[in-house]
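Read top to bottom, the protein sequences are chains A and B.
Residue numbering for the first sequence follows our numbering, beginning at 1 and increasing consecutively.
Residue numbering for the second sequence follows our numbering, beginning at 1 and increasing consecutively.
It is possible that part of the hints are untrue.
Where chains are identical, the list cannot tell them apart; a pair therefore holds if satisfied intra-copy or between any two copies.
[As the list claims (entries may be wrong)] Think about it this way: if two alpha-carbon atoms lie no more than 30 Å apart in a straight line, the pair counts; the simulated DSS-like pairs of lysine-lysine are:
hint	residue 1	residue 2
1	41	316
2	41	76
3	212	76
4	41	212
Think of the hints as simulated: they come from the structure by calculation, not from any bench.
2 protein chains.
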Amino acid sequence: PDFRSEQGALARQNELTKPPGSLGMLEEVAIKFAAWQGQVKPQIQLPQCVVFAADHGVVAQGVSAFPQAVTVEMLKNFIAGGAAISVLARFHQMGLTVVNCGTAIPCEYLQGVIHRPVAAGTEDFSLQAAMTNEQAQQALDIGAEIIDQLEVGSDLFIAGEMGIGNTSAATCLAAMILDLPATALVGPGTGVTGENLHHKQQVLAASMRRAKEFVESPLQALEQVGGFELGAIAGAYIRAAQRGIPILVDGFIASTAALLAVQLNEGARDWMLFGHQSAEPGHARVLEALDAEPLLQLNMRLGEGSGAATALTIVKQALALHNEMATFAEASVSGQHLVSEAE
Amino acid sequence: PDFRSEQGALARQNELTKPPGSLGMLEEVAIKFAAWQGQVKPQIQLPQCVVFAADHGVVAQGVSAFPQAVTVEMLKNFIAGGAAISVLARFHQMGLTVVNCGTAIPCEYLQGVIHRPVAAGTEDFSLQAAMTNEQAQQALDIGAEIIDQLEVGSDLFIAGEMGIGNTSAATCLAAMILDLPATALVGPGTGVTGENLHHKQQVLAASMRRAKEFVESPLQALEQVGGFELGAIAGAYIRAAQRGIPILVDGFIASTAALLAVQLNEGARDWMLFGHQSAEPGHARVLEALDAEPLLQLNMRLGEGSGAATALTIVKQALALHNEMATFAEASVSGQHLVSEAE
Numbered sequence: 001p002d003f004r005s006e007q008g009a010l011a012r013q014n015e016l017t018k019p020p021g022s023l024g025m026l027e028e029v030a031i032k033f034a035a036w037q038g039q040v041k042p043q044i045q046l047p048q049c050v051v052f053a054a055d056h057g058v059v060a061q062g063v064s065a066f067p068q069a070v071t072v073e074m075l076k077n078f079i080a081g082g083a084a085i086s087v088l089a090r091f092h093q094m095g096l097t098v099v100n101c102g103t104a105i106p107c108e109y110l111q112g113v114i115h116r117p118v119a120a121g122t123e124d125f126s127l128q129a130a131m132t133n134e135q136a137q138q139a140l141d142i143g144a145e146i147i148d149q150l151e152v153g154s155d156l157f158i159a160g161e162m163g164i165g166n167t168s169a170a171t172c173l174a175a176m177i178l179d180l181p182a183t184a185l186v187g188p189g190t191g192v193t194g195e196n197l198h199h200k201q202q203v204l205a206a207s208m209r210r211a212k213e214f215v216e217s218p219l220q221a222l223e224q225v226g227g228f229e230l231g232a233i234a235g236a237y238i239r240a241a242q243r244g245i246p247i248l249v250d251g252f253i254a255s256t257a258a259l260l261a262v263q264l265n266e267g268a269r270d271w272m273l274f275g276h277q278s279a280e281p282g283h284a285r286v287l288e289a290l291d292a293e294p295l296l297q298l299n300m301r302l303g304e305g306s307g308a309a310t311a312l313t314i315v316k317q318a319l320a321l322h323n324e325m326a327t328f329a330e331a332s333v334s335g336q337h338l339v340s341e342a343e
Numbered sequence: 001p002d003f004r005s006e007q008g009a010l011a012r013q014n015e016l017t018k019p020p021g022s023l024g025m026l027e028e029v030a031i032k033f034a035a036w037q038g039q040v041k042p043q044i045q046l047p048q049c050v051v052f053a054a055d056h057g058v059v060a061q062g063v064s065a066f067p068q069a070v071t072v073e074m075l076k077n078f079i080a081g082g083a084a085i086s087v088l089a090r091f092h093q094m095g096l097t098v099v100n101c102g103t104a105i106p107c108e109y110l111q112g113v114i115h116r117p118v119a120a121g122t123e124d125f126s127l128q129a130a131m132t133n134e135q136a137q138q139a140l141d142i143g144a145e146i147i148d149q150l151e152v153g154s155d156l157f158i159a160g161e162m163g164i165g166n167t168s169a170a171t172c173l174a175a176m177i178l179d180l181p182a183t184a185l186v187g188p189g190t191g192v193t194g195e196n197l198h199h200k201q202q203v204l205a206a207s208m209r210r211a212k213e214f215v216e217s218p219l220q221a222l223e224q225v226g227g228f229e230l231g232a233i234a235g236a237y238i239r240a241a242q243r244g245i246p247i248l249v250d251g252f253i254a255s256t257a258a259l260l261a262v263q264l265n266e267g268a269r270d271w272m273l274f275g276h277q278s279a280e281p282g283h284a285r286v287l288e289a290l291d292a293e294p295l296l297q298l299n300m301r302l303g304e305g306s307g308a309a310t311a312l313t314i315v316k317q318a319l320a321l322h323n324e325m326a327t328f329a330e331a332s333v334s335g336q337h338l339v340s341e342a343e
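Excised from the complex, chain A in its bound form (with noise of 0.2 Å):
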């Protein structure tokens, strides 16, 4: 991030023929992108969406609402346009990449996915480690890879995923590295309720206490309760960070691979800006842990990118607003006359 720029705009937007900071957080995200590329007008014009999909052994134990056929049919649904995501993606004209970091049921023979299966997806981690050390660094490395691959000028990431049981693990993972009890966070995820919650509530409690002594760092953290699409999220957010592309983080899931992130490198922190808060009750946990504040409240919990996707036009409106607003000598708008001596 840039101090000068930040400081250009900041004044900018003092100048404006309105109240100070009367357009609230529109104000903050206009000086953070400022900050981000090192320009006073910042603009938006390439943004990116990576979907990255896998799967969890952890659904054998009937923690999900959904069969485990629908991470391969939604990845098919993402590619042909009709998913969440994929309306979302065309309505902001963004790029939308989709990511096979290892699903249960083959799906090599899917044109217009990138297949980077770690394993036909993670074990069960009510039962053994979820994936070995060497698949939770493969899993961060397809991450840092698909940013390489981005698009030149790409100017700003966005994250999805899609994972039936995927909940579940980052439900633990955030557990794991908040050191809280999973059913401190733990929800319906995309609608497991009454008796299945309590089932659900169980099984991850169940694994907390497994997994708990093999734990020393988050990257065993990822080891023994995550999913290779988290790692690959968090490893993505790394690298994003590290090339200067600003990070519009997701849902609970999404932010969840954030905390990862930057429980490995500090910096990615720098970088990231939150889009929406979800219902999932664990998000408030994960966002309170990473300072966040989303730009969204829209009660949703779909996952997929979705969140952050709607709050792209937020971003976009206050970047117009900071660029094309009249300041007050351009327009011959007076000042304001009272200020109060409190101030």
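Please build the complex by placing chain B on the supplied structure of chain A, with the hints as guidance.
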């Protein structure tokens, strides 16, 4: 609103390739527009923003951070394209109309503004009624006339306002209608703080004491402590509802006009969606009285319709998702397999 289209839209939402309810408020917005437009796949093609401007005699008491000259200066800025609402209207390709309902400094020479001045600003309502009964009626009529003049096919209405001192008028008007002390609602407006805020509180409390005995109806509240633009917006909301044009309500001042509109014509509420919850403290009380939950909370406090305009993209994305996502059948995606006994 059309019940059959509403049910059709709800059924469609539950067939789209996502967990039911996972798009949160975006689902509710789409279903509302289906009911409003009488079609299962609603669209917004011709949104309209109208900014109503007027001056306020009470500024003689030093209740605003900006000099009264700013009202006309900002009218020029609106039509020149440099104000926040001008930028947002361009961003959304939304119609922008500016109406002079009565500025203190005459501005009839301004082209591109619709001139309907009721008077050269209201009287100072700390000393006497802001306007006569005839003027209050005239203000309401301006709003209705403007709605009748909107381009055929206009399918969304945003009212904005401009008027130095109108946070004070809205505060007293809302307090009068809600039977609350002005101190329960008063806030900084465009930037009154410290000693000046304390002074504003005293002026508004005194105005309420003076006016109270003359107010037995919502229309009398408008006469005593309102403003021409507040009356015009209320009149516009009522007429928009009568014509079946959905309303996206802006911040504190527009919401206070919405409260007045609903007091005058209860049915107007059915056509309102709320865009943004303002940083102005009185807004929460007004929203509560209207049982309204705005789409955005971005800490904005500018007026001009800017909060509602920012929320317009949320509405557009809600409709794009609703109309363009594939259903489970279309995409051959498996539905939920766990349905809790508790549901």
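Here is how each hint holds up against the structure:
no.: 1; hint: 41 x 316; in the structure: both (12 Å within a copy, 26 Å between copies)
no.: 2; hint: 41 x 76; in the structure: between (39 Å within a copy, 24 Å between copies)
no.: 3; hint: 212 x 76; in the structure: neither (37 Å within a copy, 65 Å between copies)
no.: 4; hint: 41 x 212; in the structure: neither (48 Å within a copy, 50 Å between copies)
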